[in-house]
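For the protein sequence lines, the chains are A and B, in the order given. Just so we're aligned: the first sequence equals residues 3 to 317 in this note's numbering. Just so we're aligned: the second sequence equals residues 303 to 872 in this note's numbering.
Just so you know, the hints here were simulated from the structure itself, not pulled from any lab data. Even glycine gets a Cβ: it sits at the ideal position worked out from N, Cα and C. Watch out, some of these pointers could steer you wrong.
[As the list claims (entries may be wrong)] Think about it this way: if two alpha-carbon atoms lie no more than 35 Å apart in a straight line, the pair counts; the simulated DSBU-like pairs of lysine-lysine are:
1) B:Lys842 with A:Lys289
2) A:Lys289 with A:Lys204
3) A:Lys313 with B:Lys452
4) A:Lys313 with B:Lys615
5) A:Lys161 with B:Lys452
6) B:Lys452 with A:Lys17
7) B:Lys615 with B:Lys842
8) B:Lys367 with A:Lys141
9) A:Lys217 with B:Lys448
10) A:Lys273 with A:Lys289
11) A:Lys289 with B:Lys573
12) B:Lys842 with A:Lys217
13) A:Lys204 with B:Lys452
14) A:Lys204 with A:Lys161
15) B:Lys842 with A:Lys141
[What the hints assert, rightly or not] Restraint-style ranges between C-beta atoms, simulated for each label pair:
16) B:Ala394 with A:Glu125: 47 to 57 Å
17) A:Glu125 with B:Ser851: 35 to 45 Å
18) A:Gln5 with B:Glu614: 41 to 51 Å
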Amino acid sequence: MEQVVYRIRRFDGEKEFWQEYSFAHEPNKTVLWGLLKIKETADPSLSFVAACRSAVCGACAVRVNGEAVLACETPLDALLGRFGATLVLEPLGNFPVIRDLVVDWEPKAVRLAEAKPWLMPREEFSAEAGCRQTQAEFKMINAQTNCILCGSCASECNKLSMGDDDFYEPFVYTKAGKFVADSRDGLAAEHLRPVLERGLWKCVHCQECVAKCPKRVAPAEDIAALRRESIRQGLTDNQGARHALAFAGDITNTGRLNETTMAVKTDGLLKSATRLPFALRLLRRGKLNPFHFPAPVEGIDGVRAIVKAAKEAKE
Amino acid sequence: MQIFDVLVIGSGGAGMRAALEAGTRGGLSVGLMTKMFPTRSATGMAQGGINGVLGNADPTDTVAKHIFDTVKGSDYLGDQDAIAFFCGQAAAAIREIDYYGVPFSRDAKGQIAQRNFGGQSAPRTCFSADKTGHVILHTMYEQCLKHGVKMLTDRQLLDLAVDGDGLCGVVALDIRTGRVVPVKAKAVVVATGGAGRMYWSRTTNPFTSTADGMAACFRAGIPLKDPEMVQFHPTGLAGTGILMSEASRAEGGYLYNNAGERFMVRYAPEKMELATRDLVSQAIETEIREGRGFGEGMNAYVLLDLRHLGREKILERLPGIRDLAITFEQVDPIEAPIPIRPSCHYTMGGVDVTDFRTGGTALAGLFAAGEAACVSIHGANRLGGNSLADIMVFGKCAGVGAADYAEAQGREAGGGALETKAAEWEARLAAAMARGGGSSVASIRDRLAEAMWNKVGIFRRGAEMAEAAAIVDGLTAEYERCAVGDDSRVFNTALVNYVELGNLLTMAKAVVLGAVNRTESRGCHLREDYPARDDVNFLKHTLVTLTGSQYELSYRPVVVTEHQPAERRY
């Protein structure tokens, strides 16, 4: 391969357009190297941001062929081997675009602040004496502290791409989860409440945030941990928790779901009633039988043993 | 026009610590201006740790030892009153940020873990794996969010505005709109970081370390102190200059030349790889020069070997280092040694701070902290782990200093000087954007870096530096006619790069001037034509001041209290 082509989705503040740039291939270079090459030798107007060029500042995340990556650490040769000589570069998804590959973080910072991402130290600690924490407790938060706020998880989040009214960027949950998990923090509920109010139970488990995080942070797992902790703290007066508890109850009791009672347990009788037309359609097609109360499946003891083991493993 | 009581420029550890301090006081309007998003700052790249005498790993450690290590590390160019103050505050600053939420690695008792670091007589470097700066930066950001500090992101500092009565505020480029905006402030804290990008590709610094605050203060008449003192970190990756933390040596890494020899035995027989950064950098470059390196010319290197530490320790203590080596040098340190070479790392010099307790400068209302400032506690060579401590201690001091000043200052500055300055810059930037022809910003920048690396790098000679001075002058003239290449008003990063290059040229000229005239070798400043330290003539700080268009040179004695200069051995 002698020439590499970047096909870039550009935006000048008013209109969007595509532009292709071609430059000579060199081995062992990165996506960012290519962008700098274009800016310095072909088109100074191509706009993107980068700072540390060592994968710790989070500035240079962009989408290459539909996947968010840190431009500075992503080897060009691997991408060229996978996609061929032309790469498609776009700004991160689920962000307002300012120009070309530059996205707007200001609204994200406002949303992040809503989750109160700061330590609320326990009373026995003080600014003068600092805190205590065991090595094991430190390990509980070490992974989440790797988040560099690059926005890759937000870019690829399938839930967020349906609108951000009822869901936060995945990194917001990671930040909240870090403090809930921090043994130095004494007010877990303060971190839980804002994320419970916006989307904690609405993650669709697609795992894109886990797959695309360049720092091996796992927001989906942090979301799961926040859910468990919210139930442990008795914050169960919400649709998501009720659904999870009903689900767990059904599995423990019979080894299978009871769709009829599930809706009532999750949404309450009143709200379930609004779904009556939907239920009637299901009935007509034979997908729902309100008079069927399933007996425990064969081998229910085994199912219950698994549920018990799973609970013990997490606590 | 935006108006603040306290305006902090720069969102690294020092800037955010200052903004936090001023912001939590109550009753003051505080702004934090940064040219990117706050967490992109160079602080986040600091890996190894933060120094303070907690006595967790070694109960016999004392503040007196930290003071002596720092004084000796500075090659006696640090001011001893400031160093004593700094070392006395460091432990409290660390406990305080533990309380703010910095996730420190812990010892078996649940206390903050501490490890050895270069040039220190006790294990006093606190850390969070090898991402200490990153977690401090993010914790500071979290605290700024908590306290509602007003953040002005995507704004490039252009100049301070001063009238007959004093400081009025700053003018900045709003990168989003392409407009020059005046911002009025009673007190300003400059915490814009270092100038490592003078050496462009041979630096560990981010693209943003371009001397913005140093140059702006210099143009406002505040001296630059000890600009010639530029630290080269011994272990930058050979290909890219990216930092391999000092933790890699502190945890027990070895340095080898092409004969398989641990060559530090000839330079620092006691401390070996754990000698100070200046000595290890000079040793590596000597090996390369004398043919005991690998590769040739700009591609030469020596090897950093971590393999004997074992897989477990590398994964536990140096995971970030390993990732960087794999990604950028295609080497897994568990299996193979890492090719490394010194890389410009830190600007010990900077804005002349005249009151270390407040970060105050010669201009009333103007405070400086962090790498942009020169207090001076680092003198001619900074110890690893002292910069994170510096930004926490002196960032806070500057926040207090600026807040006190703003409270005491009844006068609301006039807007005249701000408007005038803004109009000047608006015209200048418009002309630069409209200009065709001329050299590109990148071409001038690359030639500057080449001249600085080859002639004002680790080894220095008067004749070569005179050549460098002429090259910098030539490039400065070229810069006046250079092309930005983009006339958009929307997020014009080419225009930002143009402004940054102007600052780098300004700083580089001061670096060369200071270096040419310091006819001795001290710390990082190694004159081959003057190999000895000269305490009779040079136990003093260089001050470079702009008078009209002239760079004027003067000196100020170093503050020596209890430690008389002595021979420095490791």
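Comparing the hints with the structure gives:
1. B:Lys842 with A:Lys289: violated, 88 Å
2. A:Lys289 with A:Lys204: holds, 25 Å
3. A:Lys313 with B:Lys452: Violated: A:Lys313 and B:Lys452 sit about 44 Å apart, past 35 Å.
4. A:Lys313 with B:Lys615: holds, 32 Å
5. A:Lys161 with B:Lys452: Distance of about 30 Å is within 35 Å: holds.
6. B:Lys452 with A:Lys17: holds, 31 Å
7. B:Lys615 with B:Lys842: Measuring from Cα to Cα gives roughly 43 Å; hence the hint is violated.
8. B:Lys367 with A:Lys141: holds, 32 Å
9. A:Lys217 with B:Lys448: OK: A:Lys217 and B:Lys448 at ~25 Å, within 35 Å.
10. A:Lys273 with A:Lys289: Given pair A:Lys273, A:Lys289 holds - Cα atoms ~20 Å apart, limit 35 Å.
11. A:Lys289 with B:Lys573: Roughly 77 Å between the alpha carbons, so the hint for A:Lys289 and B:Lys573 is violated.
12. B:Lys842 with A:Lys217: With Cα atoms ~46 Å apart, B:Lys842 and A:Lys217 exceed 35 Å; violated.
13. A:Lys204 with B:Lys452: holds, 31 Å
14. A:Lys204 with A:Lys161: Given pair A:Lys204, A:Lys161 holds - Cα atoms ~8 Å apart, limit 35 Å.
15. B:Lys842 with A:Lys141: Answer violated: B:Lys842 to A:Lys141 is near 47 Å, above 35 Å.
16. B:Ala394 with A:Glu125: 47 to 57 Å: 20 Å Cβ-Cβ, so the 47 to 57 Å window is violated.
17. A:Glu125 with B:Ser851: 35 to 45 Å: At roughly 60 Å between Cβ atoms, B:Ser851 and A:Glu125 fall outside 35 to 45 Å, so the hint is violated.
18. A:Gln5 with B:Glu614: 41 to 51 Å: holds, 45 Å
The structure is inconsistent with the numbered hints 1, 3, 7, 11, 12, 15, 16, 17, although it conforms to all the rest.
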